[in-house]
Amino acid sequence: MKLVFLVIIIIIISSVSENINRKSQLPKRRRSFSALVFAGANKNNNNSVSTENCRWLRGAKHQRRLCVRRKGLQAVLLKSRELAVDSCQKEFEYDQWNCKNFKAHSNKKIYRETALMTSFATSALLHTIATACARGDLPDICKCAVHVKPPYGAAWRWGGCSDNVKAATRFVKRFLQLNKAGDARTDLEKYNARLGLMVIAKNEEKICKCHGISNSCTHRTCWKRLKPYDVVPKILKIYYHSAIIVSTTKAPSEVDSHKWKLRYLHESPNFCHLTVGRPCKSRENCATLCCSRGTHPPIVKQKSFWCNCNMSSSIDVTCKVCSENKTVLICK
Amino acid sequence: MPGTILENLSGKKLSVLVGILLTFQLACFLVGLIAPSPANFQNVGATFCVDRNPDNKDENRWFTRQCKESLHDLGNTTGLSAKNIVFVFEMPLFRVDFSRWQQKLVGMVHFEQIYQEGRKLTPTVQLSIDARLAYADKTLDGARTPWTRYAHAQENRHMDCDLDAIRDHKDGYPYDCSMVPLFELGNLYHDYYLLNVRLPQSQNSELGRVHDVQLNVIFMNGGFTKVCVSMKTVFFPLVLGVLLWFWRRVFILSRTPALLEYMLLSLGVTLAVLNFPLEYFSLYFDMPYMLILSDVRQGVFYAMLLSFWLVFAGEHMLIQDNGEKNCLKMYWKHLSTIAVGCMSLLIFDLCERGVQLVNPFYSIWVTPTGTHLALSFVILAGLSACMYFLFLCYMVWCVFKNISIKRSVLPSMSQARRLHYEGIIYRFNFLMAVTLICAAVTVVSFILSQVAEGQNKWDEELDFEVSSVLYTGVYGMWNVYICGMLMLYAPSHKQWPSDPTGQDGEELEFSRLPTESVPSEISSLTSFATKASIE
Numbered sequence: 001m002k003l004v005f006l007v008i009i010i011i012i013i014s015s016v017s018e019n020i021n022r023k024s025q026l027p028k029r030r031r032s033f034s035a036l037v038f039a040g041a042n043k044n045n046n047n048s049v050s051t052e053n054c055r056w057l058r059g060a061k062h063q064r065r066l067c068v069r070r071k072g073l074q075a076v077l078l079k080s081r082e083l084a085v086d087s088c089q090k091e092f093e094y095d096q097w098n099c100k101n102f103k104a105h106s107n108k109k110i111y112r113e114t115a116l117m118t119s120f121a122t123s124a125l126l127h128t129i130a131t132a133c134a135r136g137d138l139p140d141i142c143k144c145a146v147h148v149k150p151p152y153g154a155a156w157r158w159g160g161c162s163d164n165v166k167a168a169t170r171f172v173k174r175f176l177q178l179n180k181a182g183d184a185r186t187d188l189e190k191y192n193a194r195l196g197l198m199v200i201a202k203n204e205e206k207i208c209k210c211h212g213i214s215n216s217c218t219h220r221t222c223w224k225r226l227k228p229y230d231v232v233p234k235i236l237k238i239y240y241h242s243a244i245i246v247s248t249t250k251a252p253s254e255v256d257s258h259k260w261k262l263r264y265l266h267e268s269p270n271f272c273h274l275t276v277g278r279p280c281k282s283r284e285n286c287a288t289l290c291c292s293r294g295t296h297p298p299i300v301k302q303k304s305f306w307c308n309c310n311m312s313s314s315i316d317v318t319c320k321v322c323s324e325n326k327t328v329l330i331c332k
Numbered sequence: 001m002p003g004t005i006l007e008n009l010s011g012k013k014l015s016v017l018v019g020i021l022l023t024f025q026l027a028c029f030l031v032g033l034i035a036p037s038p039a040n041f042q043n044v045g046a047t048f049c050v051d052r053n054p055d056n057k058d059e060n061r062w063f064t065r066q067c068k069e070s071l072h073d074l075g076n077t078t079g080l081s082a083k084n085i086v087f088v089f090e091m092p093l094f095r096v097d098f099s100r101w102q103q104k105l106v107g108m109v110h111f112e113q114i115y116q117e118g119r120k121l122t123p124t125v126q127l128s129i130d131a132r133l134a135y136a137d138k139t140l141d142g143a144r145t146p147w148t149r150y151a152h153a154q155e156n157r158h159m160d161c162d163l164d165a166i167r168d169h170k171d172g173y174p175y176d177c178s179m180v181p182l183f184e185l186g187n188l189y190h191d192y193y194l195l196n197v198r199l200p201q202s203q204n205s206e207l208g209r210v211h212d213v214q215l216n217v218i219f220m221n222g223g224f225t226k227v228c229v230s231m232k233t234v235f236f237p238l239v240l241g242v243l244l245w246f247w248r249r250v251f252i253l254s255r256t257p258a259l260l261e262y263m264l265l266s267l268g269v270t271l272a273v274l275n276f277p278l279e280y281f282s283l284y285f286d287m288p289y290m291l292i293l294s295d296v297r298q299g300v301f302y303a304m305l306l307s308f309w310l311v312f313a314g315e316h317m318l319i320q321d322n323g324e325k326n327c328l329k330m331y332w333k334h335l336s337t338i339a340v341g342c343m344s345l346l347i348f349d350l351c352e353r354g355v356q357l358v359n360p361f362y363s364i365w366v367t368p369t370g371t372h373l374a375l376s377f378v379i380l381a382g383l384s385a386c387m388y389f390l391f392l393c394y395m396v397w398c399v400f401k402n403i404s405i406k407r408s409v410l411p412s413m414s415q416a417r418r419l420h421y422e423g424i425i426y427r428f429n430f431l432m433a434v435t436l437i438c439a440a441v442t443v444v445s446f447i448l449s450q451v452a453e454g455q456n457k458w459d460e461e462l463d464f465e466v467s468s469v470l471y472t473g474v475y476g477m478w479n480v481y482i483c484g485m486l487m488l489y490a491p492s493h494k495q496w497p498s499d500p501t502g503q504d505g506e507e508l509e510f511s512r513l514p515t516e517s518v519p520s521e522i523s524s525l526t527s528f529a530t531k532a533s534i535e
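Quick note, the sequences are listed as chains L and W, same order.
For the first sequence, UniProt numbering begins at 1 and goes up steadily by one.
For the second sequence, UniProt numbering begins at 1 and goes up steadily by one.
To be clear, the hints were calculated from the coordinates, so they are not data collected in a lab.
Built from N, CA and C at the ideal position, the CB exists for glycine as well.
Some clues are possibly wrong.
Think about it this way: if two alpha-carbon atoms lie no more than 25 Å apart in a straight line, the pair counts; the simulated PhoX-like pairs of lysine-lysine are [stated by the list, open to error]:
{"no.": "1", "chain 1": "L", "residue 1": "209", "chain 2": "W", "residue 2": "104"}
{"no.": "2", "chain 1": "L", "residue 1": "173", "chain 2": "L", "residue 2": "237"}
{"no.": "3", "chain 1": "L", "residue 1": "90", "chain 2": "L", "residue 2": "326"}
{"no.": "4", "chain 1": "L", "residue 1": "173", "chain 2": "L", "residue 2": "109"}
{"no.": "5", "chain 1": "L", "residue 1": "79", "chain 2": "L", "residue 2": "303"}
{"no.": "6", "chain 1": "L", "residue 1": "227", "chain 2": "W", "residue 2": "120"}
{"no.": "7", "chain 1": "L", "residue 1": "206", "chain 2": "L", "residue 2": "173"}
{"no.": "8", "chain 1": "W", "residue 1": "401", "chain 2": "W", "residue 2": "333"}
{"no.": "9", "chain 1": "L", "residue 1": "303", "chain 2": "W", "residue 2": "120"}
{"no.": "10", "chain 1": "L", "residue 1": "261", "chain 2": "L", "residue 2": "100"}
{"no.": "11", "chain 1": "W", "residue 1": "104", "chain 2": "L", "residue 2": "224"}
{"no.": "12", "chain 1": "L", "residue 1": "71", "chain 2": "W", "residue 2": "68"}
{"no.": "13", "chain 1": "L", "residue 1": "234", "chain 2": "L", "residue 2": "202"}
{"no.": "14", "chain 1": "L", "residue 1": "209", "chain 2": "W", "residue 2": "226"}
{"no.": "15", "chain 1": "L", "residue 1": "227", "chain 2": "L", "residue 2": "79"}
{"no.": "16", "chain 1": "L", "residue 1": "261", "chain 2": "L", "residue 2": "173"}
{"no.": "17", "chain 1": "L", "residue 1": "173", "chain 2": "L", "residue 2": "259"}
{"no.": "18", "chain 1": "L", "residue 1": "202", "chain 2": "L", "residue 2": "224"}
{"no.": "19", "chain 1": "L", "residue 1": "109", "chain 2": "L", "residue 2": "237"}
{"no.": "20", "chain 1": "L", "residue 1": "206", "chain 2": "W", "residue 2": "104"}
{"no.": "21", "chain 1": "L", "residue 1": "61", "chain 2": "L", "residue 2": "79"}
{"no.": "22", "chain 1": "L", "residue 1": "79", "chain 2": "W", "residue 2": "68"}
Facing chain W, from chain L, some residues (calculated, C-beta under 7 Å) [to be verified]:
{"no.": "23", "residue": "134"}
{"no.": "24", "residue": "136"}
{"no.": "25", "residue": "140"}
{"no.": "26", "residue": "158"}
{"no.": "27", "residue": "219"}
{"no.": "28", "residue": "234"}
{"no.": "29", "residue": "239"}
Work out the full structure, taking the sequences as your base and the hints as a guide.
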C-alpha cells in the first residue's frame with residue numbers, strides 16, 4: 001500500500017515537474033515566422049520530404065493553426081519559403097554573409113541580418129499569396145469585399161472585390177499578427193516585416209485603362225499590377241546596407257515610417273569564418289569576401305551556357321550549349 | 001409681344017426657382033456618396049493546362065481551372081510545345097458570379113516574359129493570339145450549366161517592351177512589356193465566362209519565353225449602375241414633364257415657334273432620350289449593342305448641347321438682319337463643325353464597337369490601316385471641336401461686345417425702360433455665367449476624377465468615391481441646367497398690354513415697347529436690340 005502511494009506521488013511529482021519544464025520551455029520554443037522560413041532551408045533544400053503540411057511551422061502556434069485551417073495555404077506557404085530563401089541566397093551569393101547563417105536567429109538577438117530575413121520572409125509571403133489569390137488558389141483568404149460577412153454576393157454585385165494585393169496584405173498582417181502589440185523586441189520585428197510589405201507595395205506598377213464613351217477617358221480605371229519578385233531582393237539589399245541600429249526602448253512608430261530604414265538591435269558578429277572555401281567573383285570582391293586571407297590559386301573550369309537560342313515558340317526554346325573557360329577564385 | 005419667363009419673373013420667384021434647382025443639384029452630389037466607384041477590376045492569373053491533342057478542331061472543347069493535366073509553372077515544359085499549352089482564365093474569381101448590373105466586361109492580358117541569354121530583343125513584339133471565350137450560367141440549384149462557346153478568334157496584337165530595364169541583367173530575368181487589350185463585351189448577360197488563350201507556334205517568333213500570363217478584367221460596379229439608373233428613372237419623367245409643359249406653352253401662342261424654342265425642345269428631347277433608363281432592359285434581354293447605344297445616346301446629346309450654345313449665342317447677337325434670322329441655315333458653317341466631329345466619332349465607334357458585336361476580340365488599332373483610319377477620324381473630330389470652340393468663343397465675344405455698346409445707350413432712356421433692359425441684360429449675363437460655370441465644373445470634375453483615379457488611394461479606405469460623386473453630380477448638373485433653360489426660356493403667358501403696371505414690386509412688368517415690330521422674336525432682349533439699332 002505504501003509502495004503504491006509512493007509510486008503515485010512520484011508520478012505526480014514527475015508530471016508536475018514536466019509541466020513546469022514545458023512551461024519554462026514554451027517561450028523559448030516560440031519562434032518568429034522568418035526564423036522558421038530560413039531554418040527550413042538549412043537542410044539543403046530537402047524540404048520535399050515535409051511538403052504539403054504545416055509541420056515546419058512548429059513553434060509558431062498562430063501561424064501553424066492558420067496554415068492547417070486555410071484551404072490551399074500549405075502549398076503557398078512552402079512556395080513563399082522557397083522564394084524567400086532562394087532569392088536571398090542568390091542576392092547575397094558574393095557577400096560575407098550569404099543568407100545561410102541561421103545562428104542569427106537562435107539567440108534572440110536582432111542583427112542586421114535577422115532584420116533583413118524578416119523583411120525577405122514577409123515580402124515573399126505577400127507576393128506568393130497575392131499571386132495565388134489571382135489564380136483563385138486561396139478561396140478562404142482572398143475573399144470578395146472583406147468588410148462584409150458571407151455570403152459575399154450582394155457586396156460583390158454592389159461594389160466588386162477588393163484588389164488581390166490589398167486582400168493579401170490584410171491576410172499577411174493577420175497571419176504575422178502585425179497589428180498586435182508586443183514587447184519592444186517583437187515590435188521591431190514587426191516593423192521590419194512591415195518594411196517587407198512596403199517594398200512589395202512600392203514594386204507595384206500602376207496601369208490605367210480608359211473605357212468611357214468611344215473608349216475615351218470619361219471613365220478611367222486604374223489598378224496596380226504586382227511586378228515579378230526579382231526586383232525585390234535588390235531593393236532589400238539596399239535597405240540592408242542602409243540599416244540603422246536602434247535601442248530597444250524606442251520602438252519605431254508609424255508616424256516616422258515614411259523614412260523606412262531596416263532596424264536592428266545588435267551589431268552583427270564577424271562572418272569571416274563562414275567564407276572559407278566560397279567562390280568569389282572579382283579582385284575587389286575576393287578581397288572583402290575572403291577577409292584578407294586571400295584566395296586559392298585560380299582554377300580554370302569549363303563553364304557551359306546556353307547560346308544561339310532559337311525560339312520556335314514562346315514556350316519552347318532550342319538552344320545550343322556553348323562552353324567557355326572561366327577562372328574560378330575560391331577563398332582560402 | 002410676350003417675353004420669356006426669365007424676363008417676366010420677379011427676382012423673388014427667380015431665386016425660389018434657382019433654389020429648387022440647386023437643391024436638386026445638391027441631391028445629385030449626395031446620391032453619388034452612396035455609390036461605389038464607377039468601375040472595378042479583377043486580376044486573374046492563368047492556369048496552365050496541357051492540351052495533349054492540339055490538332056483537335058472541336059469548338060466545344062474547353063479547358064477549365066480543373067483541367068486534367070496542368071503545370072505548376074512554365075519553368076519546365078520539356079516535351080511540350082506552345083500549342084500544347086492553354087492559358088485558362090475563369091471569371092470571376094472567388095466563387096461569385098457576374099451580375100447583369102455590371103454592364104460590360106473589358107479584358108486585357110499581360111504576358112510576363114523572361115529574358116534568355118543569346119536572344120535578340122525587339123522593342124515591339126508582334127503577337128498572335130488564339131482566344132476562345134465561353135460562358136456558363138448559374139442554374140437554380142447553384143450549379144453551372146456546361147460551357148458554351150461565345151466567340152473564337154485568332155487576333156494579332158502588339159506590345160511595347162521596355163528593354164532598358166534588362167540591359168544589365170542576366171539570363172532568366174523578367175522584362176516588362178505593355179498590356180494587351182483583348183476583348184470587350186457590351187453587356188454581361190451570363191454569369192460566368194471562361195477564356196482559353198493559346199499562342200500559335202509559328203507566328204510568335206518575337207515573343208520571349210513566357211513565364212506567366214495575367215488577365216485583368218474591368219467591369220462597371222453594380223452599385224454604381226444602380227445609382228445611375230435610379231437617377232435616370234427619377235429624371236426621365238421630370239424632364240418629360242418639363243418638356244411637355246414647355247411645348248404646351250409654345251403651342252398656345254399664336255405665332256410660330258422661334259428657332260431657339262425649337263433648339264430647346266430638341267435639346268430637351270435628346271436629354272429625355274439620354275435619361276431613358278434603357279439599362280433595365282439589359283437585365284432581361286441579351287443586348288450586346290448596349291455600349292454602342294449608350295455611346296450614340298450620349299453623342300447625340302452632346303452634339304445637341306453644343307449646337308444649342310451656338311444658336312443661343314447667335315440669337316442674342318443683338319444684330320438683327322431681318323428676314324434671315326430664325327433659321328438654322330444661317331448657322332450651317334458653325335453647325336457643320338459639330339456634324340463633322342460627331343460623324344467621324346460615330347464612324348470610328350461603329351468601326352470598333354460595331355465589329356465587336358460579332359467578334360468581341362476585334363480591335364481597330366492592331367492593323368496599320370486600321371490605326372491610320374481610327375487616328376484620322378479622331379484627329380478630324382478633334383479639329384472640328386477646335387473649330388467649334390473658336391466659333392463659339394467668337395460669337396460669345398460678339399454678344400458681350402454688343403451688350404456693352406448698347407449699355408452705353410441706356411442712360412438716355414426713360415427710367416422704367418432702363419431698369420427693364422438692365423434687368424434683361426443682367427439675367428442674360430447670369431445665364432451665360434451659369435453655362436460657363438457648368439462647363440467649368442464639368443472640366444474640373446473630369447480632371448479631378450482623373451487625378452483621383454490616378455492617385456494612390458489604395459492605402460486609405462475612403463468611405464466614398466470621388467469619381468462617382470463627380471459623375472452623378474455632373475450628370476445631375478446638366479439635367480438641372482437644361483430643365484432650368486426649358487423653364488426660364490419658355491414663353492411667358494403674361495400678356496403685357498392686359499397687365500400694364502407693376503403690382504407692388506412683386507412683378508416687374510412694363511408697358512410694351514412701341515417700336516416692337518418683329519412678330520417672331522422670342523425675347524425682348526432681341527427686341528431691345530432691334531429698338532436700339534433703330535434708335
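Do the hints match the structure? See the list:
For the given pair, residue 209 of chain L sits about 14 Å from residue 104 of chain W by alpha-carbon distance, which is consistent with the 25 Å threshold. Of the pairs offered as hints, the one joining residue 173 of chain L and residue 237 of chain L holds, with about 23 Å between alpha carbons and a cut-off of 25 Å not exceeded. Taking the CA atoms of residue 90 of chain L and residue 326 of chain L, the gap is near 20 Å; set against the 25 Å cutoff, the hint holds. Distance restraint check for residue 173 of chain L and residue 109 of chain L: the Cα-Cα separation of roughly 23 Å lies within the 25 Å cut-off, and the hinted pair is therefore satisfied.
At most 25 Å may separate the alpha-carbon atoms for a hinted pair to count; residue 79 of chain L and residue 303 of chain L exceed this at roughly 30 Å. About 23 Å separates the Cα atoms of residue 227 of chain L and residue 120 of chain W, which keeps this hinted pair within 25 Å; it holds. Between the alpha carbons of residue 206 of chain L and residue 173 of chain L the distance comes to roughly 23 Å, so the proposed pair stays at or under 25 Å and holds. Our distance criterion of 25 Å between C-alpha atoms is met by residue 401 of chain W and residue 333 of chain W, whose separation comes to about 22 Å.
Only pairs whose Cα atoms come within 25 Å are accepted, and residue 303 of chain L paired with residue 120 of chain W is accepted, the gap being roughly 22 Å. Restraint check for residue 261 of chain L and residue 100 of chain L: satisfied, since their Cα atoms lie roughly 23 Å apart, inside the 25 Å limit. At roughly 21 Å between alpha-carbon atoms, residue 104 of chain W and residue 224 of chain L fall within 25 Å of each other, so this suggested pair holds. About 21 Å separates the Cα atoms of residue 71 of chain L and residue 68 of chain W, which keeps this hinted pair within 25 Å; it holds.
For the given pair, residue 234 of chain L sits about 13 Å from residue 202 of chain L by alpha-carbon distance, which is consistent with the 25 Å threshold. For the given pair, residue 209 of chain L sits about 23 Å from residue 226 of chain W by alpha-carbon distance, which is consistent with the 25 Å threshold. Restraint check for residue 227 of chain L and residue 79 of chain L: the C-alpha separation of about 17 Å stays at or below 25 Å, so the hint holds. For the given pair, residue 261 of chain L sits about 19 Å from residue 173 of chain L by alpha-carbon distance, which is consistent with the 25 Å threshold.
Taken as a hint, the residue 173 of chain L and residue 259 of chain L pair is honoured in the structure, with Cα atoms around 20 Å apart against an allowance of 25 Å. Taken as a hint, the residue 202 of chain L and residue 224 of chain L pair is honoured in the structure, with Cα atoms around 10 Å apart against an allowance of 25 Å. Note on residue 109 of chain L and residue 237 of chain L: the hinted pairing holds, with a Cα-Cα distance of about 20 Å set against a maximum of 25 Å. The hinted pair formed by residue 206 of chain L and residue 104 of chain W meets the criterion: a straight-line CA distance of about 22 Å does not exceed 25 Å.
A threshold of 25 Å between alpha carbons decides the hint, and for residue 61 of chain L with residue 79 of chain L the separation of about 20 Å falls inside it, so the pair holds. Between the alpha carbons of residue 79 of chain L and residue 68 of chain W the distance comes to roughly 22 Å, so the proposed pair stays at or under 25 Å and holds. Annotation: residue 134 of chain L was flagged as interfacial toward chain W, and the flag holds, the nearest CB pair being 4 Å apart, inside 7 Å. Hint on residue 136 of chain L holds. Least Cβ distance to chain W is approximately 5 Å, under the 7 Å limit.
Hint status for residue 140 of chain L: violated, given a least beta-carbon distance of 10 Å to chain W, over 7 Å. Below 7 Å, beta-carbon pairs count as interface contacts, and residue 158 of chain L has one with chain W at about 4 Å; its hint therefore holds. Given the 7 Å rule on beta carbons, the hint for residue 219 of chain L holds: about 6 Å separates it from the nearest Cβ of chain W. Here the hint on residue 234 of chain L is broken, as its CB sits about 10 Å from the closest CB of chain W, past 7 Å.
Hint on residue 239 of chain L is violated. Least Cβ distance to chain W is approximately 20 Å, over the 7 Å limit.
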